[in-house]
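In the order they appear, the protein sequences are chains A and B. Those letters in the first sequence? Residues 18 to 265, by our numbering. Those letters in the second sequence? Residues 18 to 265, by our numbering.
One thing to keep in mind: the hints can contain errors.
Since the list gives no way to pick out one identical chain from another, each pair is judged satisfied if it fits inside one copy or across any two copies.
[To be verified] In silico SDA-like pairs for lysine to any residue, Cα to Cα no more than 25 angstroms straight-line:
1) K243 to D256
2) K243 to F95
3) K243 to D65
4) K243 to S219
5) K243 to H173
6) K243 to Q143
7) K249 to A172
8) K249 to A102
9) K249 to G170
No lab work stands behind these hints, which were simulated from the structure alone.
Protein chains: 2
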Amino acid sequence: MSEPSAEAADRSGRPPTLTERTIEAVREGIRNGTLVPGELYSVYRLADELGVSRSPVRDALLRLAETGMVAFERNRGFRVVLPGARELTEIIAVRLALEVPAAQRAAVRATAADRAALQNEYEAMQVSVTAGDETAFMMHDQRFHGLLLELAGNAHVTRIIENLRDATRLVGTSTIRTSRSLEDVYQEHLPILDAIQQGSPSTAGAAMRRHLESTGRLLLQEAARKSDTNLKSNALWNDLVGHPPVGE
Amino acid sequence: MSEPSAEAADRSGRPPTLTERTIEAVREGIRNGTLVPGELYSVYRLADELGVSRSPVRDALLRLAETGMVAFERNRGFRVVLPGARELTEIIAVRLALEVPAAQRAAVRATAADRAALQNEYEAMQVSVTAGDETAFMMHDQRFHGLLLELAGNAHVTRIIENLRDATRLVGTSTIRTSRSLEDVYQEHLPILDAIQQGSPSTAGAAMRRHLESTGRLLLQEAARKSDTNLKSNALWNDLVGHPPVGE
DNA sequence: TCGCCATGAGTAACATGTTACTCCAAGTAT
DNA sequence: ATACTTGGAGTAACATGTTACTCATGGCGA
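Whole structure, please, built from the sequences with the hints as guidance.
Structure, rendered in structure tokens:
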């Protein structure tokens with residue numbers, strides 16, 4: 018009764034290719050700990066674990082390598098890359114530069130249906146928080162940001178941010194619980210939602226900025242905890258994220 | 018006497034792979050008109066034109082497809098994609114969001130050597146203008162922006178912009194001459210350079226903004242000229258690039 | 001015990017084989 | 001002439017074969 022390919026067709030009309038399914042499989046493997054960052058793997062092994070040939074697996078990994086999620090080592094294998102403090106900071110800087118204006122535009126462009134959809138995701142986040150289901154929470158968080166970006170109307174921005182989120186996901190996952198701040202992250206979304214419901218771009222932008230900065234600091238803390246890359250993080254942050262000097 | 022692979026080793030120590038060389042070959046083919054946008058090509062033909070097997074060619078094209086330069090059509094072939102007004106506008110919006118802050122940071126961080134390097138590229142642009150060598154001009158223009166981005170210290174930003182430039186290159190090339198504005202584009206770089214020499218971030222940011230907006234409008238004009246996508250460009254521009262509303 | 005070198009297992013990169021699909025164009029019925 | 005079928009050429013996606021490389025391991029001499 019159950020279909021062989023789970024969430025198959027998207028809505029693009031075509032069934033997904035093996036390459037695409039492999040990409041999802043690798044992402045899932047990273048999420049649930051099957052693929053450990055730093056460990057050395059090979060296309061051969063992964064291919065017959067997934068029951069497909071090496072070609073689509075290789076294609077999938079090459080695409081993921083493009084975004085920095087994995088790295089190939091010639092004649093050795095490939096590794097899942099755990100982003101360091103430097104990379105995380107860079108990513109936060111990009112997200113600030115793109116998502117803050119996106120939130121502003123979204124506040125102006127949102128239709129009633131859009132607002133309702135955002136509200137839905139926000140409430141789903143609420144449910145996930147009380148249920149303590151971090152996986153579900155991350156999913157709704159992603160959808161919230163995704164919806165907001167689509168609203169802003171720039172498909173390039175959406176794609177870029179989606180890729181960056183991929184690279185950071187494995188830092189945030191199963192670690193936020195540690196600092197019991199799932200609730201905090203959830204609450205930071207409320208001012209964003211409110212500002213968009215009220216159509217106030219500057220407020221929405223400011224709220225998004227606060228949210229991203231706070232999330233960024235959390236991720237950096239987490240990254241510092243697991244690797245010994247002890248904390249010159251503050252210098253990095255000021256250097257790459259710190260607000261551009263306004264005066265001279 | 019002449020090496021088989023021209024500008025081989027980069028400086029990464031390793032010789033470039035066939036895939037990488039193919040990527041460069043495709044880019045070059047697009048630049049010099051061997052590969053016509055819109056036309057249907059196949060991996061088979063391209064592979065034996067380049068004298069390699071289908072694998073590296075396919076890998077190369079998949080990577081280029083990731084950035085939107087080419088598009089595959091299942092069982093049909095692939096096309097070089099000419100970006101439309103929509104895509105161009107989106108790209109300009111991203112560049113504004115990322116390169117303006119980058120210019121600000123660069124103004125603060127630049128060392129004497131950095132300033133000299135920028136000056137060099139600027140003067141090389143000058144030479145290209147008087148020589149009427151558009152290809153060389155584009156190259157130095159790219160290097161100028163590339164140096165500036167590296168200065169800003171965010172490798173992700175550098176990579177993103179580099180990819181976007183790729184997608185737009187085939188619109189700008191051999192068309193700027195039409196509006197005889199090579200000189201204008203050159204002159205717009207002076208205020209940027211000056212501001213960085215003087216270490217003034219806000220001035221550098223403003224100059225960069227003016228430059229990108231002006232370049233963007235030129236590209237849009239050009240795109241509108243060759244495709245019949247007649248000009249609702251202005252609405253697009255205001256929608257995606259227009260400064261975010263400052264007040265409420 | 002310690003350093004050196006041969007050897008072989010395992011791999012990414014590259015090459016070639018196979019399959020199921022799309023489309024065009026030439027035929028055939030109407 | 002026009003619509004409708006049909007065959008075949010050409011293709012991306014997927015599978016498998018080959019090569020040249022990296023590195024761990026174990027023997028061998030000091």
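These are the hints, each one checked on the structure:
Proximity of K243 to D256 under the C-alpha cut-off of 25 angstroms is restricted to the intra-copy arrangement: shortest distance 23 angstroms within a copy versus 43 angstroms between copies. Proximity of K243 and F95 under a CA criterion of 25 angstroms is satisfied intra-copy only: 21 angstroms inside one chain copy versus 44 angstroms between copies. Taking the shortest alpha-carbon separations for K243 and D65, neither the intra-copy value of 32 angstroms nor the inter-copy value of 49 angstroms comes in at or below 25 angstroms. Taking the closest pair of Cα atoms, K243 and S219 never come within 25 angstroms of each other, the shortest separation being 37 angstroms inside a single copy and 38 angstroms across copies.
Taking identical chains as interchangeable, the C-alpha atoms of K243 and H173 lie at most 25 angstroms apart only when they sit on different chains, with a minimum of 23 angstroms there against 33 angstroms within one chain. With identical chains, the CA atoms of K243 and Q143 are never at most 25 angstroms apart, being 28 angstroms at best within one copy and 51 angstroms at best between copies. In this assembly of identical chains, K249 and A172 lie within 25 angstroms of each other by CA distance solely across copies; the values are 18 angstroms between and 35 angstroms within a copy. Taking CA atoms no more than 25 angstroms apart as the test, K249 paired with A102 passes inside one copy only; the shortest distance there is 9 angstroms, against 44 angstroms between copies.
Within a single copy, K249 and G170 get their C-alpha atoms only as close as 37 angstroms, which misses the 25 angstroms cut-off; across copies the closest is 16 angstroms, which meets it.
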